[in-house]
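Colleague: Residue numbers (our numbering), protein chains in the order written: chain A, 254 to 629; chain B, 254 to 629.
Straight-line distance between alpha carbons at most 20 Å, and here's what the computed EDC-like set of lysine to aspartate or glutamate pairs gives:
{"hint": "1", "chain 1": "A", "residue 1": "409", "chain 2": "A", "residue 2": "359"}
{"hint": "2", "chain 1": "B", "residue 1": "300", "chain 2": "A", "residue 2": "301"}
{"hint": "3", "chain 1": "B", "residue 1": "300", "chain 2": "A", "residue 2": "298"}
{"hint": "4", "chain 1": "A", "residue 1": "321", "chain 2": "B", "residue 2": "549"}
{"hint": "5", "chain 1": "B", "residue 1": "550", "chain 2": "A", "residue 2": "325"}
{"hint": "6", "chain 1": "A", "residue 1": "499", "chain 2": "A", "residue 2": "517"}
{"hint": "7", "chain 1": "A", "residue 1": "424", "chain 2": "A", "residue 2": "378"}
{"hint": "8", "chain 1": "A", "residue 1": "580", "chain 2": "B", "residue 2": "325"}
{"hint": "9", "chain 1": "B", "residue 1": "423", "chain 2": "B", "residue 2": "468"}
{"hint": "10", "chain 1": "A", "residue 1": "300", "chain 2": "B", "residue 2": "301"}
{"hint": "11", "chain 1": "A", "residue 1": "409", "chain 2": "A", "residue 2": "360"}
{"hint": "12", "chain 1": "B", "residue 1": "481", "chain 2": "B", "residue 2": "400"}
{"hint": "13", "chain 1": "A", "residue 1": "580", "chain 2": "A", "residue 2": "554"}
{"hint": "14", "chain 1": "B", "residue 1": "552", "chain 2": "A", "residue 2": "369"}
The following label-pair restraints were derived from C-beta to C-beta distances:
{"hint": "15", "chain 1": "B", "residue 1": "322", "chain 2": "A", "residue 2": "620", "range": "31 to 41 Å"}
{"hint": "16", "chain 1": "B", "residue 1": "275", "chain 2": "A", "residue 2": "550", "range": "38 to 48 Å"}
{"hint": "17", "chain 1": "A", "residue 1": "359", "chain 2": "B", "residue 2": "582", "range": "32 to 42 Å"}
{"hint": "18", "chain 1": "B", "residue 1": "322", "chain 2": "A", "residue 2": "561", "range": "17 to 27 Å"}
Just a few of them, taken from the derived set where beta-carbon distance is under 10 Å, the chain B residues facing chain A:
{"hint": "19", "residue": "292"}
{"hint": "20", "residue": "297"}
{"hint": "21", "residue": "317"}
{"hint": "22", "residue": "318"}
{"hint": "23", "residue": "325"}
{"hint": "24", "residue": "327"}
{"hint": "25", "residue": "331"}
{"hint": "26", "residue": "332"}
{"hint": "27", "residue": "333"}
{"hint": "28", "residue": "552"}
{"hint": "29", "residue": "584"}
{"hint": "30", "residue": "586"}
{"hint": "31", "residue": "588"}
{"hint": "32", "residue": "589"}
Bear in mind the hints are in silico, worked out from the structure with no lab data behind them. Remember, predicted model here, so these are calculated numbers, not experimental data. Cβ coordinates follow ideal geometry from the N, Cα and C atoms, glycine included.
There are 2 protein chains.
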Amino acid sequence: MFTVLKTDGNARLAEFTTVHGVVQTPAFMNVATQGAIKGGLSAYDLKDIGCQVQLCNTYHLHLRPGDKLIRELGGLHAFTGWDGPILTDSGGFQIFSLAALRRIREEGVYFSSHIDGRKIFMGPEESMQIQSNLGSTIAMGFDECVENPAEYDYAKRSCERTARWMERSKKEMDRLNALPDTVNPNQLLFGINQGCTYEDLRIEHMKRIADMDMDGYAIGGLAVGEPKEEMYRIISAVTPFMPIDKPRYLMGVGTPGNILEAVERGVDLFDCVMPSRNARHGHLFTKEGIRNINNEKYKNDLSPIDPQCGCPTCRRHSRAYIRHLFKAGEMLAMRLCVIHNLWFYNTLLAEIRDALQNGTFAQYKAKYVDILDTRI
Amino acid sequence: MFTVLKTDGNARLAEFTTVHGVVQTPAFMNVATQGAIKGGLSAYDLKDIGCQVQLCNTYHLHLRPGDKLIRELGGLHAFTGWDGPILTDSGGFQIFSLAALRRIREEGVYFSSHIDGRKIFMGPEESMQIQSNLGSTIAMGFDECVENPAEYDYAKRSCERTARWMERSKKEMDRLNALPDTVNPNQLLFGINQGCTYEDLRIEHMKRIADMDMDGYAIGGLAVGEPKEEMYRIISAVTPFMPIDKPRYLMGVGTPGNILEAVERGVDLFDCVMPSRNARHGHLFTKEGIRNINNEKYKNDLSPIDPQCGCPTCRRHSRAYIRHLFKAGEMLAMRLCVIHNLWFYNTLLAEIRDALQNGTFAQYKAKYVDILDTRI
Numbered sequence: 254m255f256t257v258l259k260t261d262g263n264a265r266l267a268e269f270t271t272v273h274g275v276v277q278t279p280a281f282m283n284v285a286t287q288g289a290i291k292g293g294l295s296a297y298d299l300k301d302i303g304c305q306v307q308l309c310n311t312y313h314l315h316l317r318p319g320d321k322l323i324r325e326l327g328g329l330h331a332f333t334g335w336d337g338p339i340l341t342d343s344g345g346f347q348i349f350s351l352a353a354l355r356r357i358r359e360e361g362v363y364f365s366s367h368i369d370g371r372k373i374f375m376g377p378e379e380s381m382q383i384q385s386n387l388g389s390t391i392a393m394g395f396d397e398c399v400e401n402p403a404e405y406d407y408a409k410r411s412c413e414r415t416a417r418w419m420e421r422s423k424k425e426m427d428r429l430n431a432l433p434d435t436v437n438p439n440q441l442l443f444g445i446n447q448g449c450t451y452e453d454l455r456i457e458h459m460k461r462i463a464d465m466d467m468d469g470y471a472i473g474g475l476a477v478g479e480p481k482e483e484m485y486r487i488i489s490a491v492t493p494f495m496p497i498d499k500p501r502y503l504m505g506v507g508t509p510g511n512i513l514e515a516v517e518r519g520v521d522l523f524d525c526v527m528p529s530r531n532a533r534h535g536h537l538f539t540k541e542g543i544r545n546i547n548n549e550k551y552k553n554d555l556s557p558i559d560p561q562c563g564c565p566t567c568r569r570h571s572r573a574y575i576r577h578l579f580k581a582g583e584m585l586a587m588r589l590c591v592i593h594n595l596w597f598y599n600t601l602l603a604e605i606r607d608a609l610q611n612g613t614f615a616q617y618k619a620k621y622v623d624i625l626d627t628r629i
Numbered sequence: 254m255f256t257v258l259k260t261d262g263n264a265r266l267a268e269f270t271t272v273h274g275v276v277q278t279p280a281f282m283n284v285a286t287q288g289a290i291k292g293g294l295s296a297y298d299l300k301d302i303g304c305q306v307q308l309c310n311t312y313h314l315h316l317r318p319g320d321k322l323i324r325e326l327g328g329l330h331a332f333t334g335w336d337g338p339i340l341t342d343s344g345g346f347q348i349f350s351l352a353a354l355r356r357i358r359e360e361g362v363y364f365s366s367h368i369d370g371r372k373i374f375m376g377p378e379e380s381m382q383i384q385s386n387l388g389s390t391i392a393m394g395f396d397e398c399v400e401n402p403a404e405y406d407y408a409k410r411s412c413e414r415t416a417r418w419m420e421r422s423k424k425e426m427d428r429l430n431a432l433p434d435t436v437n438p439n440q441l442l443f444g445i446n447q448g449c450t451y452e453d454l455r456i457e458h459m460k461r462i463a464d465m466d467m468d469g470y471a472i473g474g475l476a477v478g479e480p481k482e483e484m485y486r487i488i489s490a491v492t493p494f495m496p497i498d499k500p501r502y503l504m505g506v507g508t509p510g511n512i513l514e515a516v517e518r519g520v521d522l523f524d525c526v527m528p529s530r531n532a533r534h535g536h537l538f539t540k541e542g543i544r545n546i547n548n549e550k551y552k553n554d555l556s557p558i559d560p561q562c563g564c565p566t567c568r569r570h571s572r573a574y575i576r577h578l579f580k581a582g583e584m585l586a587m588r589l590c591v592i593h594n595l596w597f598y599n600t601l602l603a604e605i606r607d608a609l610q611n612g613t614f615a616q617y618k619a620k621y622v623d624i625l626d627t628r629i
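Build the full structure now, drawing on both the sequences and the hints.
Modeller: Laid out in structure tokens, this is it:
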């Protein structure tokens with residue numbers, strides 16, 4: 254159930270109720286690709302960093318350790334130890350970005366595993382079966398993610414096929430949810446909008462999948478090569494055609510600035526590997542901009558990463574210590590920085606919710622939209 | 254202050270009071286070589302694993318980030334965030350095991366950094382100055398650690414020199430502790446016994462350094478190539494000549510079985526990289542023996558690493574999940590296993606203390622001395 258509590262222009266403050274708990278939106282979903290957030294965080298660290306939703310990757314878990322094994326072990330919640338909402342992607346994006354020897358056909362995609370070269374077929378039915386075995390809270394329909402810029406004709410054919418794949422995804426998920434021994438019989442299914450950077454394709458596709466009455470809708474295929482102005486243009490074009498009473502999810506996006514722009518345009522959910530990946534290289538988000546902790550100037554700096562931050566890392570450790578840990582090759586460096594960056598993202602979204610509650614979102618956005626993406 | 258509370262044969266239950274807190278002995282000291290326990294543990298995780306003392310390495314911290322920088326930042330306690338007792342070694346062992354181009358002279362050792370080849374000189378005075386800058390609770394005298402087996406003549410000359418180095422160490426530490434701006438004016442200094450596997454050299458050396466009235470005494474130069482029976486023979490030979498009213502520390506030892514044997518012979522303090530290093534390869538100590546979590550048979554095993562263990566890892570995660578994390582190359586694998594193995598060691602020492610308290614140490618030792626070192 255998705256309840257909009259307040260709106261501010263197109264921006265929405267809402268509550269999304271699932272069998273694994275309520276998500277306050279706008280929300281950031283924290284990426285735990287292989288069932289663990291990279292950098293050494295466990296499910297038991299997630300509450301300390303303000304995480305509401307854990308996101309796991311279907312493609313990776315299908316290859317290793319295998320979704321059938323995870324089902325046998327009780328599903329992703331039991332496997333990882335996280336009892337809150339989990340979203341699984343469809344596997345589509347990873348097949349297109351990681352797998353080799355892809356052949357796309359009407360029935361689905363033939364590809365080779367990036368781990369051992371094993372030949373695999375995945376279509377909408379297979380993706381739903383895998384996600385059903387994983388037992389996530391929210392499954393994603395199976396789509397093709399096309400890199401930008403794309404030819405109009407290919408984009409059109411691809412997103413027509415993705416629309417047919419959404420229909421098949423829904424049908425298969427309905428069947429799986431009704432089985433007596435399914436891991437999560439209340440598994441939700443979100444549709445995914447595609448159409449590259451072509452507004453007419455995006456809108457037509459969105460209308461078509463909106464008719465399928467899925468549990469939420471995502472905008473896929475953005476932040477895959479196009480300038481950010483193009484991304485904002487497409488979000489503005491497509492959100493008016495997304496059901497107002499269902500969550501809207503912008504997949505794989507993005508910087509703090511991107512998130513502020515997308516919230517303004519009516520998006521509710523986000524995910525991105527950027528905060529954890531940047532953290533592992535010592536690139537740290539702060540209210541003053543992005544700090545590179547490897548910089549010589551932090552050598553004897555006793556301040557925390559961000560003096561305005563209340564995360565477990567900033568409450569306890571200095572820039573000088575964290576810089577030393579990176580230079581010394583200590584794993585703790587990455588862990589402390591991943592904690593900081595994910596806390597930053599989850600807190601950014603919490604502050605956005607507060608601003609929407611208080612009617613101050615426009616000021617909040619104006620204050621931070623540029624500065625947070627700037628390297629200092 | 255070191256107070257023996259109870260004895261059982263040569264074994265001692267005692268309390269060691271320092272300015273940074275009381276250590277219940279026998280105790281295991283947890284190795285944080287570069288100011289962090291490898292595997293991503295922070296100082297704030299140490300209380301969760303039962304750690305009483307953190308051990309940091311003088312050689313590593315002198316090279317990187319530099320002891321002068323750490324002094325400027327307030328010493329190792331402020332730098333790492335651990336407020337309990339910290340022991341620093343003298344640097345001697347690492348110079349002999351890691352550094353290149355060593356030349357040993359009466360004044361000290363000339364060597365090249367293993368990081369950048371930089372030429373460095375370290376003698377007793379330099380080692381004390383570095384440890385004083387680090388501000389540890391307990392400093393170690395500067396010694397030469399000779400690999401076993403060693404020629405008698407070399408062993409004799411080396412341990413005579415080490416005795417002279419201990420005198421110089423004590424004199425320099427007394428001077429440093431009296432300076433007005435020293436980081437820890439109450440820094441303790443332990444002497445180190447050497448003499449390879451020759452009982453006469455060991456005993457003569459021990460008598461000589463016992464006369465120096467240092468704050469505690471370590472047995473160094475064991476577990477460096479000799480069979481374990483040789484090690485036990487030397488411990489038995491030397492402990493009768495160690496002051497009964499000062500802590501006794503067996504450096505760099507060892508397996509759970511080694512520790513039980515040494516406690517029986519009157520040793521109070523231990524340190525070893527084995528639990529954390531083995532953990533990072535998935536070799537896990539349990540009450541049933543050493544388990545290799547990478548084994549195929551744990552693929553779908555929902556039990557914790559050790560069903561008898563109460564550590565944060567065993568309370569939360571299954572063998573199947575941890576094995577998956579290793580296969581997937583997730584850092585969390587190492588962190589969970591380091592937590593388990595260090596908890597195991599700290600708990601082993603706590604159980605030894607309980608057994609000494611209850612007069613059941615002999616039974617406890619008999620039950621576990623072999624099984625804990627066996628691979629299963």
